[in-house]
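Chain B: place on chain A using the hints.
So you can see what is in the structure, the chains are spelled out below.
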Amino acid sequence: MSIAAAFFYLFAGVCVASAFMVIAARNPVHSVLFLILAFVNAAGLLLLLGAEFLAMILVVVYVGAVAVLFLFVVMMLDVDFAELKQGVLQFLPVGALVGIVFLVELLLVVGAWTFGPGVPRSIEAAIPPLETMTNTEALGLVLYTRYIYFFQAAGLVLLIAMIGAIVLTLQHRRGVKRQDVARQNARTPETAIEIRKVQPGQGI
Amino acid sequence: MNPATLPPLVPALPELMLALGAMALLMFGVFRGPRFVHVISGLAIALLLLAAVMVVYLPGGTLTTFGGSFVVDDFARFMKVLALVGSAAAIALSTDYFDSLREQRFEYPILIVLSTIGMMMLISAADLIALYLGLETMSLVLYVLAAIHRTSVRSSEAGLKYFVLGALSSGMLLYGASLVYGFTGTVSFSGIARATAEQTSMGLLFGLVFLFAGFCFKVSAVPFHMWTPDVYEGAPTPVTAFFASAPKVAGIAMFIRGAIDAFPDIAPQWQQIVGFVAIASMLLGSFAAIGQRNFKRLMAYSSIGHMGFALIGLAAGTEEGVRGVLIYTAIYVAMTLGTFAVILSMRRKVGYVEDIGDLSGLARTHPALAFFLAVLLFSLAGIPPLAGFFAKFYVFLAAIKAGLYALAVIGVLASVVAAYYYLAIVKIMYFDEAGEGFEPMSAELKVVLGLAGLINLLFFVYPSPLLETATSAARSLF
Chain A
1 MSIAAAFFYL FAGVCVASAF MVIAARNPVH SVLFLILAFV NAAGLLLLLG
51 AEFLAMILVV VYVGAVAVLF LFVVMMLDVD FAELKQGVLQ FLPVGALVGI
101 VFLVELLLVV GAWTFGPGVP RSIEAAIPPL ETMTNTEALG LVLYTRYIYF
151 FQAAGLVLLI AMIGAIVLTL QHRRGVKRQD VARQNARTPE TAIEIRKVQP
201 GQGI
Chain B
1001 MNPATLPPLV PALPELMLAL GAMALLMFGV FRGPRFVHVI SGLAIALLLL
1051 AAVMVVYLPG GTLTTFGGSF VVDDFARFMK VLALVGSAAA IALSTDYFDS
1101 LREQRFEYPI LIVLSTIGMM MLISAADLIA LYLGLETMSL VLYVLAAIHR
1151 TSVRSSEAGL KYFVLGALSS GMLLYGASLV YGFTGTVSFS GIARATAEQT
1201 SMGLLFGLVF LFAGFCFKVS AVPFHMWTPD VYEGAPTPVT AFFASAPKVA
1251 GIAMFIRGAI DAFPDIAPQW QQIVGFVAIA SMLLGSFAAI GQRNFKRLMA
1301 YSSIGHMGFA LIGLAAGTEE GVRGVLIYTA IYVAMTLGTF AVILSMRRKV
1351 GYVEDIGDLS GLARTHPALA FFLAVLLFSL AGIPPLAGFF AKFYVFLAAI
1401 KAGLYALAVI GVLASVVAAY YYLAIVKIMY FDEAGEGFEP MSAELKVVLG
1451 LAGLINLLFF VYPSPLLETA TSAARSLF
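Residue numbers (this note's numbering), protein chains in the order written: chain A, 1 to 204; chain B, 1001 to 1478.
Misleading hints may appear alongside valid ones.
Derived, one-sided and incomplete: chain A residues facing chain B with beta-carbon distance under 10 Å [claimed, not checked]:
hint : residue
1    : Leu103
2    : Leu106
3    : Arg146
4    : Ala153
5    : Leu156
6    : Ile160
7    : Ala161
8    : Leu168
9    : Gln171
Facing chain B, from chain A, some residues (calculated, C-beta under 7 Å) [as the list claims (entries may be wrong)]:
hint : residue
10   : Phe150
11   : Val157
12   : Val167
13   : Leu170
Keep in mind that the hints were calculated from the coordinates and are not lab data. All values derive from a computational prediction rather than experimental measurement. Note that the Cβ used here is the ideal one computed from N, Cα and C, for glycine as well.
In isolation and in its complexed conformation, chain B is listed as follows:
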């Protein structure tokens, strides 16, 4: 490469735009102070949505740059748009919460934008160094956000716990990456794939296991899920909403690209691991959530379970399986953001409440809110004709076509168990004594909840856009 020429920057234009925009917003915030928090939040949302539009309108096909370590294909486009929209919604969900606690921080939306750049780097990463750098860019922000309520002991505890365990998982991932590099002599995914096609060794499998341990931690799959309930419960609710949406998208994208691009020839080896992780996550997500009283903690177990369902598609290891994961992730983001919009509107005069019992009789005090939450919960449980049913349908279909009958059967059983606690909430809302009503919802919450509810409710009427983009995204990986 000629040192004087810059690598082509077009594929990375959305990331560059976001990085420059975040820095400009930072300067604006520092010099104009906290009075403009709302302006900065609005600009950050606009920036993220603009980046999503740019991702869609990048030149078609597969673009690579920076010596092959940055790839934009249909898969990356799909996941990036999902992550960008999820982050924008997370910022929209946060403004009202921080206003009512008088804890407005102009850094909050900027940090989310910076984290989203990390997610996009992660989604596009085609070698181990780019993957690690993207992962750290994303995670470092998450640690800070978890602890952003400095005065709250629970928030600080959540941040510290997440930081320590996250550093441990990064260490494992790096150790695995070093083993993979040592046994293949290259960090690029295509190079690793070539080297493993020639020869596999025990050391490479060791590296693979450590690498996957790091991946599992980021998507909070069992047995690396321990941090999830505590962090979800301790972090401020809008931060939890963010944790449960966009970073999960990036984590799943990293998992898929890492597994399928780098290790296609030893697929039987990692399919076992992913299959085990999927089963364990589904079962734990279903059974451990039954006893939960705190809605945020329940959502933590719910997200563990949903990651298990999504990973079924990856365990199948086929194009159809990846398509199932993509559809699942997209619908999961819509369901989760909608549910968190409801949790964020559980505000009484005394402050925010988080217990499931506080929802009792919601159908009488706030019928519209109760209806949307019921739709989202039915969708989370996977009841037809809501979107959550189709999400599960496509991953189970892929598993059955790949011959993984046990996985599909356990998945269906786990989703039946999980339906119990989702329906229990519906029962509390519709049949229990009405409690004290909540304060009126803010406009942002209404928009996010309404969109998420309608997507879940009406997905079956017009599913083709999502199905078609997911199909072409999955095809670009194989």
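In isolation and in its complexed conformation, chain A is listed as follows:
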């Protein structure tokens, strides 16, 4: 067994096991930690495939941002996850049945997989060979040229998500003291301090 195969089984095994633990763990914090473990192992799998850019993005975005945010939310909200999970055993038989049916159907579909004659040509056109350039470079070459429309459209979706989040959550409360940096910077000793002469033995 080659080194790559050994690592594949290591990453894949840990990934599946930790994914199972995400839904099986009693403590929600443990669930999130197992989720992080699953992400890191998935990144390892991508590295084995030679997709190093995707692997790094997975670690940066999912582990660095998404999972940590999850962790914050889980720790800050007082949600009783144990109670939410009460029905799991009850729904398990039906859920498992649906899952198995779906799996069998998928296997039937993928089993009938045949490449159309035109397929290999179009795939070769999409990705330059790995020996000539790294895939970060390949992405950089097409992202702002061939796919500029998709890139900008995705940006528009993110803008809308941001506006939407603000519209739905921002509340303008009255009577809140806000920091006004310009006013703070404009303060001088003359406006901020008042010097009074105090006579000995008397108050102000």
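For chain B alone, coordinates are given in the frame of chain A:
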């Protein structure tokens, strides 16, 4: 492609103008605050109408850009103008409502403009990635708008329900798109059409079914209609008016282009699906609406039924069928916006009312309002010589010419059943005891209602502009 050159931007000029305009309005709103809500609404309407003019005056013929993923043909022009006008009318309908509830949000018109950009991207999309991005741009705004009354439990519930189910349908659509990509090796519609002409497989059909499930959800066709009544009832009424008009146009456009451009060689396969969906939607839209007391909920079932009628034309799969769908969609938008203008004018001293019973005796308290609503309801029911009759006539004609007799017969029967509940409202307005009158209508509502009513009433006098543009739009797809 030379990396240094920008792709030609002329075909996408209206979208670019709208995007820049929306961002400028956003800055204006953020820095000048909520006192200028009316100015922003007016500017947003002007922006949308300007974009509609630009779409009409783009260079003729079929324009493509961005590596073939963005197409402007006569079909796109027709649908874009319809979506832009529908969105502009939806903004016009909203101002009075939010004023009287003191809930003015300057983001509301801006969000609608952003959503309209998504619709235009969707209408022009000629590959699966562009289609998905356009769809998300459009839908994300809809989720936010449904929940825009943060303090109302019903509005929040509607937003959340729509969001969860919308995310599920997006997932199905993406899954279908991935299967289609996996079995054809390309995401562009023309490439998929070439690959399916060479060879079809089970996996491709699986992908097609999932893709169509996503489409059906967006046009709220049975069996993916479950969200519609709840969301229509829970969302604020102007938002419901918006949901029922422009996004439906974009959804139908996406459905047609997806089916006809990408899968022309396996048409018999998807015609079965579309035919079933059309029958189920027509029947459910007709029978489930009978028991409804809430006008908005009734309009939800009505829109499900109308989407079923429109899809008959697509099930025919011919140029004439597509022409029927286009005419149907245009008239549907006019009927729906007019009806919602009436719902939005159902305001008493205590606030807005939504029950059909509140319309009783409207002919005595507000004769003009009752007359226009009666015209719109007769048109929705498809009674000649109003526009709604011609809408149904053209799709049924196409179905019969394509040999789909069963579909046409069921369609006619369903429209008879649907006529019952539309006429029941007319009866309540004209023959029941008069109730308390409504507050006077605002000017915007009057304009929208008057235009919609006149279009429906006088369509038969001068139908040729709509028929001719729809004919050339349908021709550009084949």
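Which numbered hints are broken by the structure, listed smallest first? 1 and 13
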